[in-house]
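With the hints as extra help, turn the sequences into a complete structure.
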Amino acid sequence: MTGVVELDGIRVTYGDVTAVEELSLSVRDGELFCLLGPSGCGKTTTLRAVAGFESPAAGRVVLGGRDVTGLAPYDRGCATVFQDWALFPNKTVAENVAFGLKMAGVPAERRRERAREQLATVEMTDHADDPPGELSGGQKQRVALARSLAVDPEVLLLDEPLSNLDKRLRETMQLEIKEIQERLETPMLYVTHDQEEAFTLADRIGIMNDGELVQVGAPRTVYDDPVDRFVEAFLGSTNFLSGRVVAGTGADTGVGPDAVAVEFPVAGLRTPVPAGDDLAVGDDVTASVRPEVVDLAPAVDGAAASTDGGAASEPDATGHADGRAILAGTVSEVVYRGSNVRHHVAVGDGAELFVERPVTDAPGLAAGDAARLSWDVTDAYHFGPDGARVRP
Amino acid sequence: MSESGPRTDGGTETGTGTGAAPAPTGRRLGGAAVGRWLFRAGVGVVFAFLLAPIAVVVATSFAETGSLTFPPKGLSLRWYGEFLGSSRWRRAALNSLVAAGGTTVLATVAGTTAALGVSDLGGSREAAVLGLAVLPLLVPGVVLGSSLLVFLGEFDLQQTYMAVVAAHSLWATPLAFSVVRAALSRFDPRLREAALDLGASPFRAFFEVVAPNIRSGLFAAALIAFVVSLQEFIMTLFVSGPDTRTVPVLAWNSLRGSLDPLVSVVSTLLVAAVVVAVAVGAAVAGLERLATDT
Amino acid sequence: MSDADAVGEGRPSRPALPSLPAVTRTRLLLAPLVLFDLLAFVVPMGYLLRVSLSERSTRQALVRGTWSVDGYRFLLESSLLRRVFVFTVLFAVVATLLAVGLGTAYAYAAWQASGAVRTVLLAGIVMSMFTTLVVKLFAALVVFSPNGVVNDALVASGLVGTPLRLINNEIGLVIGQLYVVLPYTVLSVYSVLTSLDEHLVEAANDLGATPARAAREVVLPHAVPGMAVGGVIAFAWSAGAFAAPALLGSKSELTVAVEVQNRLTSFEYPVAAALSVVLTTVVLAVLAAGLYGLRRRGGGHDV
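Residue numbers (this note's numbering), protein chains in the order written: chain V, 1 to 392; chain L, 1 to 294; chain B, 1 to 303.
Keep in mind that the hints are not guaranteed to be accurate.
Unchecked claim - Derived coverage of chain B by chain L (criterion: at least 3 residues anywhere in the stretch with Cβ under 8 Å from a Cβ of chain L; other residues may be distant):
hint : region
1    : 40-49
2    : 278-287
Said to hold, decoys possible - Chain V side only, calculated, beta carbon under 10 Å to chain L, not exhaustive:
hint : residue
3    : GLY52
4    : ALA72
5    : PRO73
6    : ALA104
7    : LEU169
8    : THR172
Keep in mind the hints are simulated off the structure, nothing from the lab. Glycine residues also receive a C-beta, built at the ideal position from the N, C-alpha and C atoms.
In structure tokens form, the structure reads like this:
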């Protein structure tokens, strides 16, 4: 099945700078596709290439089965909601909404009617005759949405439309956009740098870095199964540990012949990582241990008790016990963040890990307390020297 | 205040500082105040130097007698009547309006389209176009006038309206160009993109969205082109003939003879036209912008 | 879905113009200005240069098709023309210095003033700028002539015994030229000052600087680019001054521009053209030097 938007190997350059490199993606009919990435990653440029504001140096843009690569923006049948909404200050709200229809040659009477309907769907009927300059941010946002939807676009392009709103309004508008999208089933290509927004809205997320599309998938998939170190770092805060492969496959790691042994000097760990032929002795490896998978307990008399009540075993020479990595440290800071508590724990050599627990399930540690950290080694992700995920 | 208090020396220091501040500050300002009043008086003299002559000329245009004395002896509209009765002056006024109209259209169109297009060029080609556009403004009018006279003379086109409009546009176009460019720099390019995105052709996008949002700039550009044409006379002196000479040129020619009271009348009318233009321009575009954009 | 139908109906009616490539669009937009400047400026100036390289003749204005540097040789050999050039440059320097000095003070006053005073000062300058030269010079003639308003007032007040000679000499020339260039120097400086925070002077006063000191230490350095632009404009226009010398000067205060017109009316085209070429070269060289200096200081400014 081909998508409503098909980008086929597009490249966009500004002079000597390549903003988007060999990018292909497909937006399916009726879905909300989020392009997510840090600023400067090329996501807005990609959107502008779809709209026709940038002409790709290579590749094709196909909208609704029609190759529009060489066409001007006004011949494309898509509509854009801009970051600052770009409402025409010289026209009333209703005239703004009717603008696309006027350009299409729809008779005045019919335009007015249609503009009224559109304004009704975003609950802005009362402001039909106001100049847009007098509206609040949220109201401008609604009008911009109505104006773009009025032309019944094949795909709606949204360029960080909520980034100029405050947090609470942003969350309300996210739900409104989601609701409109589900009702009208208009496919949307939505650009944002805010991962929470992407997770809230998207049917699928495409993560961009440095002009390239790194990973595409459903929000849950992307979060649970990051393809590389960049995605892992970008999607949420995590603890990265640097290590090095000290023994190759075939060595006695205790988890089978495919595993290599990775030593993490900071944590004093030597962890078996099932890597097959992906890693060789001497390779740099980064482990990501997310704050929610780490178990935190007070250290008691050198030994420690796990918070889930089970008696803790003594770690072996590699720092492991029962398939869990175990680490001693000192709590350096406890931060209450509303619904959860974040503990920063110094683990020697100036390194620090952080652990998050729900407020209701906090271990009751204070700064200066000795603590014991542990996690199931299969919960950690490992990334090779090129940043790619090392998969079992 | 409380900061400046302790710094000022020689004051009777009290515990609070703020209370002590006014006395020494006041004493120091005594010397500075004289300087400030001298400065103001100087600026006042410059202001009077620039504008008083114009006022005197306006006053003399209402004189009863033929000699140019100030204050005028007796008031009358006699010279205005003479002006209206003179076919030479009427013809010159008509020529001025034709030239100003033609210049306004040519300079505003060429200046506006160039302002719209030039930013797309970028780099050295943008600089080249900017240089070409502004250069005529910096070449002495006598030189431009002679070059047009000698060149157009080859085709017997000197002394035509075309020659006059071309000469005036040499100075009006760069001014219109820079005024529109300044207006466009305040215009959000996303608005134009939004119009294109919603199906407007570039042509319709300009008239529906760009022009309405820079209209004070467009108006100011046209106004400046009109006024530049109305007041220009050095180039016109070279390229106009008996049938196309404008008011300033006829005034100049009359002045070479003697101090003609009719020139006072013409000057007053020209000044009135400029006052109206500046007032309208200030109302539409704002005086501040009119003063700084050109 | 009837809404979609409405749009569907409309779409085909949109003229199916092939969308212009961006490059073509840019060229079309630039065409009027570039063509105009080529036809009315570049080509005529080129033709003038060609004329300056024609043979001189006493029988006709221009002997077509001839090549000669007689026009330029005449400029070098004629002591009259050398004197005219030296006088023009001196006059331009004096007018420029006066215009920049007075213009900066005026601009500073307008910038410092608030409300109505600022409006009046600005309106006065815009008025003067937009008033035709002929009117301004005619007015100056009326006011500064031996029996004009200024002399009447001076004599009546007893400050001078006999009327001062303020026109038909160098003083008249400079007075007249100030009417031409002062508005531009004022506005060049003013437009630079508008980007300066008005509270800076208050802050400087607060730190113990007198108003004059504050102006010198804080405002003046900021105004330098505007003074330079205004100075360059004033010099260019004063070096090419025609109207003020012709009307307010006497026969002994000839400028190059006046001489160009004299030679043209006596049909000495090659000499007039050579004078024009040299004058333009001098003016543009000074402009280029001024702008180069300005850019080196880091103040990129459009004129």
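Taking 8 Å as the Cβ threshold, is the statement that the region 278-287 of chain B is covered by chain L upheld or broken by the three-residue rule? holds (count 5)
Are there three or more residues in the region 40-49 of chain B whose C-beta lies closer than 8 Å to some C-beta of chain L? Coverage by chain L holds here, the residue count being 8 at a Cβ distance below 8 Å.
Does the CB of ALA104 of chain V sit less than 10 Å away from some CB of chain L? holds, 6 Å
With a cut-off of 10 Å on the beta carbons, see whether PRO73 of chain V makes it to chain L. holds, 4 Å
Per-residue hint verdict: GLY52 of chain V, partner chain L, C-beta under 10 Å: holds, 8 Å
Residue hint THR172 of chain V, partner chain L, criterion CB-CB below 10 Å: violated, 24 Å
Taking 10 Å as the limit, does the beta-carbon of ALA72 of chain V come near enough to a beta-carbon in chain L? ALA72 of chain V check passes; min Cβ-Cβ to chain L is 7 Å, inside 10 Å.
Taking the least C-beta to C-beta distance, is LEU169 of chain V closer than 10 Å to chain L? Nearest chain L Cβ about 21 Å off; hint violated.
Hints 7 and 8, counting from the list given before, are not met by this structure.
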